[in-house]
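Take the sequences, apply the hints, and build the full model.
Those sequence lines, one after another, are chains F and L. Just add 29 to wherever you are in the first sequence, counting from 1, and you've got my numbering. Just add 21 to wherever you are in the second sequence, counting from 1, and you've got my numbering.
Since the hints were made in silico from the structure, they are not lab data. As the structure is a computational prediction, the values presented were derived from the model and not from experiment. Backbone N, C-alpha and C define an ideal beta-carbon position, used for all residues, glycine too. Wrong hints could be hidden among the right ones.
[What the hints assert, rightly or not] Okay, derived cross-link-like pairs now, DMTMM-like style, lysine to aspartate or glutamate, Cα gap no bigger than 25 Å in a straight line:
| id | chain 1 | residue 1 | chain 2 | residue 2 |
| --- | --- | --- | --- | --- |
| 1 | L | K114 | F | D232 |
| 2 | F | K234 | F | E196 |
| 3 | L | K111 | F | E196 |
| 4 | L | K111 | F | D232 |
| 5 | L | K114 | F | E162 |
| 6 | L | K297 | L | D173 |
| 7 | L | K208 | F | E162 |
| 8 | L | K114 | F | E196 |
| 9 | L | K136 | L | D173 |
| 10 | L | K297 | L | E169 |
[To be verified] Per the computed footprint, the stretches of chain L lying under chain F, defined by three or more beta-carbons under 8 Å from a beta-carbon of chain F, are:
| id | region |
| --- | --- |
| 11 | 61-68 |
| 12 | 82-91 |
| 13 | 101-111 |
| 14 | 161-171 |
| 15 | 189-201 |
| 16 | 212-218 |
[Stated by the list, open to error] Label-pair restraints from in silico Cβ distances:
| id | chain 1 | residue 1 | chain 2 | residue 2 | range |
| --- | --- | --- | --- | --- | --- |
| 17 | F | R259 | L | S112 | 40 to 46 Å |
| 18 | F | K274 | L | V300 | 38 to 44 Å |
| 19 | F | P45 | L | E256 | 25 to 31 Å |
| 20 | F | Q165 | L | K77 | 52 to 58 Å |
| 21 | L | A90 | F | N237 | 38 to 44 Å |
Next come the chains, spelled out residue by residue.
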Amino acid sequence: MEHLSAYEKVQLARHPQRPYFLDYVQHVCTDFVEVHGDRKFADDPAIVCGFGFLDGRAVCLVGHQKGRDTKQKLYRNFGMPKPEGYRKSYRVMKLAEKFRIPILTFIDTPGAYPGIDAEERGQAEAIAFNLREMSQMRVPIIATVTGEGGSGGALAIGVADRVNMLEYSIYSVIAPESCSAILWRDQLHAADAAEALKLTPEDLKKLNLIDEIFPEPEGGAQNDHAGMARSLRAALIRQLGELSKVPLDQLIEGRYSKFRAMGAFGE
Amino acid sequence: MTWFNREKRPLEATDEERHVVTEGLWIKCIGCKEALWKKDLEGNCQVCPKCGYHYKITAHERLNLLLDAGWQEHDAGMHATDPLEFTATKSYKVSLEQLPKKVGVNEAVITGQGKLDGYPIVCSAMEYNFIGGSMGSVVGEKITRAIERALDTRSAFVAVSCSGGARMQEGALSLMQMAKISAALAKLDKSNLPYISVLTDPTTGGVTASFAMLGDLNLAEPGALIGFAGPRVIEQTIRQKLPEGFQRSEFLLQHGMIDAIVERKELKPFISKSLKFFVG
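Take a look at the structure:
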């Protein structure tokens, strides 16, 4: 599928039959227990948090959750978290840190929810706070973009020691449709915008923004959920093994340097 | 047939004399629609003396306003390089070549070091005229270096935001600047150095969702638009008109997102007093 255009990859990343977070959880870990709520306002179904065992060790799992049918889509708010979702994820990650449990995050969101209630409760603050706090969490963190990496809403659970992308996932500062609306002043140039934004895994790898690209089953993950989850599981076990050998101070400093190095400019 | 013929042509004023030069001297206030003498506005830190409407000011004016005389600019030569070779209706490279001459600054942020009422301070101020104050690699790098400089010199850090958010033209590179700056702020946070964030009109998107909301104190100028999503995006999402005053400073104060609304003239004394509380 080398011949796919950037926008076709965007559509694949949004494929309605693509595995979502809870599909991965089933295959990646055992004994998964979901925990709810941010202890401040509500439980946000657009982000799911919990604990499970991966290859015999406890792990904390955090991921965006989309819905499959209309009812589920509405319930999950199309995978667009509100501030309480980010605050829940922070609470649970902090809990993981307390008991030295490594954190695995799964990114798949069109973006943080842009609505009145989200603004009232401080969407921006909730995201910013996660960015700052994740950079100092004293446990290994692995983030994997499994579908749509929609801007700040994705990054808010994406500050990690390893950042991976599935072969047909995307990671972008803005949705190509919105970029088209702003820069071309119409909705017709989404494909051009997708090309220009350089949002495919290969692009991000070239820009040194991600660590690894995980290959997908023939035709894409939607064709073989179990197969995709199996290979993802193996990769996560391998990366966790590497990271758990690193002393904690070095791990935190390494995470800082990793993001510190991102950017391209002249002097 | 006329009764009288004029023998001489009437005296005509030259074109120059005919125009009384008023253009540019008066403006109509955006806030109260009253005529304002421009000098009055300039003498009042670009705030309407009648209604208090806060006009945008340049990054240089901002640093002069907040810092004592003699502050030093850092990383003035840093510039964007168009890493994605981004072209929409206009090429990013061409914009980058034209803008410094047009706007008078190299990028959307200026960082400097100096004193504020004697307190050692590192300060960044955003330049809205440069691609809407958008945050690309240069803005991310300059602000991160400013924070690291505050750490190295045990100074307080003040960031003045004025930005539409992350810079689309640098794609995911821009997005990651949010994490980069926030990680540096985590270090500042742990080292007990004060960070004061000043939000001005407008502060939205990736800038609000990273350093602008992370101040030990978040201060806002009156009437500033502050939010995560822009009002147009929200209107499109919920398909209804937004209430008056939504996402303005007063709204954020009411919802607990900022510590205080401070008029431009009062900003420096306010920060100075806060530093007195925090560091003595």
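Claimed coverage, the region 61-68 of chain L by chain F - three or more beta carbons nearer than 8 Å: violated (count 0)
Consistency of beta-carbon spacing, K77/L to Q165/F, with hint 52 to 58 Å: 35 Å, violated
25 Å limit on alpha-carbon distance, applied to hinted pair K111/L and E196/F: Violated: K111/L and E196/F sit about 31 Å apart, past 25 Å.
Satisfaction of hint between E162/F and K114/L, Cα-Cα up to 25 Å: 35 Å, violated
Coverage assertion for the region 189-201 of chain L with respect to chain F, Cβ distance below 8 Å, three residues required: Coverage by chain F holds here, the residue count being 12 at a Cβ distance below 8 Å.
Claimed coverage, the region 101-111 of chain L by chain F - three or more beta carbons nearer than 8 Å: holds (count 8)
Proposed proximity, E169/L with K297/L (alpha carbon, max 25 Å): Roughly 22 Å between the alpha carbons, so the hint for K297/L and E169/L holds.
CB-CB spacing for N237/F and A90/L relative to the 38 to 44 Å hint: The hinted range 38 to 44 Å holds for A90/L and N237/F, with Cβ atoms some 41 Å apart.
K297/L paired with D173/L [C-alpha distance capped at 25 Å]: With Cα atoms ~21 Å apart, K297/L and D173/L stay inside 25 Å; holds.
Pair hint outcome, K208/L versus E162/F [Cα-Cα no greater than 25 Å]: 10 Å, holds
Coverage of the region 212-218 of chain L by chain F, judged on three or more residues with CB within 8 Å: Violated - the region 212-218 of chain L has 0 residues with a Cβ nearer than 8 Å to chain F, which falls short of three.
Verdict on chain F covering the region 161-171 of chain L, criterion of 3 CB contacts below 8 Å: holds (count 3)
Against the hints set out earlier in the document, violations occur for numbers 3, 5, 8, 11, 12, 16, 20.
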